[in-house]
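Undergrad: Construct the complete structure from the given sequences, taking the supplied hints into account.
Chain residues, written in single-letter form:
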Amino acid sequence: MQLGAFVILAVLVVGSAAGLILKRNPIHGALFLVVNLASVAGLYLTLRAEFLATAQVIVYAGAIAVLFVFAIMVLIPGKDETGPDPLRGQRWLAVPVVGVFLLLSALILRSAALKGPGPAAHVPGGIEAVGRLLFTDYLFPFEVTSFLLLAAIVGVLTLAKRKA
Amino acid sequence: MVPESYYVALSAVLFSMGVLGVLVRRNPLVIFMSIEMMLNAANVALVAFGQRYNTAEGQVLVFFVMCVAAAEVAVGLAIIVVIFRLRRRLSVDELSLMRW
Chain Y
2 MQLGAFVILA VLVVGSAAGL ILKRNPIHGA LFLVVNLASV AGLYLTLRAE FLATAQVIVY
62 AGAIAVLFVF AIMVLIPGKD ETGPDPLRGQ RWLAVPVVGV FLLLSALILR SAALKGPGPA
122 AHVPGGIEAV GRLLFTDYLF PFEVTSFLLL AAIVGVLTLA KRKA
Chain V
85 MVPESYYVAL SAVLFSMGVL GVLVRRNPLV IFMSIEMMLN AANVALVAFG QRYNTAEGQV
145 LVFFVMCVAA AEVAVGLAII VVIFRLRRRL SVDELSLMRW
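Chains as they are written, first to last, in the numbering used here: chain Y, 2 to 165; chain V, 85 to 184.
Hints listed in this document are in silico derivations from the structure and should not be mistaken for laboratory results.
Remember, predicted model here, so these are calculated numbers, not experimental data.
In this text, a Cβ means the ideal position worked out from N, Cα and C, and glycines have one as well.
Mixed in with the good hints, there may be bad ones.
What the hints assert, rightly or not - Covered, in the sense of this in silico footprint (three residues per stretch, anywhere, with C-beta under 8 Å from a C-beta of chain Y), are these stretches of chain V:
| id | segment |
| --- | --- |
| 1 | 88-96 |
| 2 | 113-123 |
| 3 | 132-145 |
| 4 | 158-168 |
TA: Right under this line is the structure:
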C-alpha cells in the first residue's frame with residue numbers, strides 16, 4: 002500500500018520534472034513545476050512529515066509557483082527559445098555529465114550508510130518534535146531566517162523600483 | 085514501510101534532472117525552476133535521512149531550506165525582471181557582460 006503510493010508519487014515527480022525540462026513554453030514548465038512540488042508534498046506525507054507537507058503546499062506550490070507564473074506573464078518571453086542555438090553542440094555535453102553524476106550517486110547509494118535496517122522503527126514525534134527543536138536548539142538560525150526574509154523584501158523592493 | 089534508500093535514489097534522480105535543466109535550457113526562468121527542483125531533491129533526501137536516524141532535525145533543516153529558497157526566488161525573479169527591462173530579451177547566452 003505504502004509502496005504503491007510511493008511509486009505513483011515517484012512517477013509523478015520524475016514525469017513532471019521531465020516535462021519541465023522538455024517543454025519549450027515556460028508557462029507549461031511552471032505548471033509542471035506545480036505538479037512536481039505537490040507530488041513532493043505527497044512524498045513528505047508518506048515519510049510522516051506532515052508539517053513539511055503543508056509548508057510545501059503553502060510556500061512552494063502556493064507562493065513560489067504564483068511568483069513564477071506572475072513573472073512569466075509580466076515578461077512574456079514566449080518565443081525566445083525558438084531561435085537558432087549557437088551553442089547546440091556544447092549543450093549535448095550536459096547528458097554525459099549528468100550520466101556521470103547519476104553513476105556516482107548510484108555507487109554511493111550501493112556502498113554507504115543505507116545498508117540494513119535503521120536504528121529503530123520509532124516515529125520521531127511529528128510536528129511537535131519539529132516545533133520543539135525549532136524553538137530550542139535552532140532558535141538562533143530561526144531568528145536569522147526572519148532577518149534573511151526581511152533583507153530579501155528590502156532587496157526586491159530596491160531592485161524592482163523603477164528609476165524615476 | 086518503504087525503505088529510505090528508495091527516497092534517496094529518487095532524490096538523486098530528481099537532482100540530476102534539475103542539473104540537466106540548468107545545463108540544457110536557455111530561458112533564465114526555466115533555469116530558476118530547475119534550481120528549485122534541485123532544492124526539493126535535497127529536501128527529500130534530508131527528510132528521508134531524518135526518518136532513518138529517527139530525528140526531527142532533518143525536517144528542521146528542510147524548513148530552513150524552504151525559507152532560503154523563498155528569499156532566493158524573490159530576489160532572483162526581481163533580477164530577471166530588471167534584466168528584461170534593460171535588454172528586452174531573455175536568454176542566458178546573451179548575459180555575458182561579466183564574462184572574463
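Undergrad: Run the structure past the numbered hints and jot down the numbers of the failing ones, going up.
TA: none
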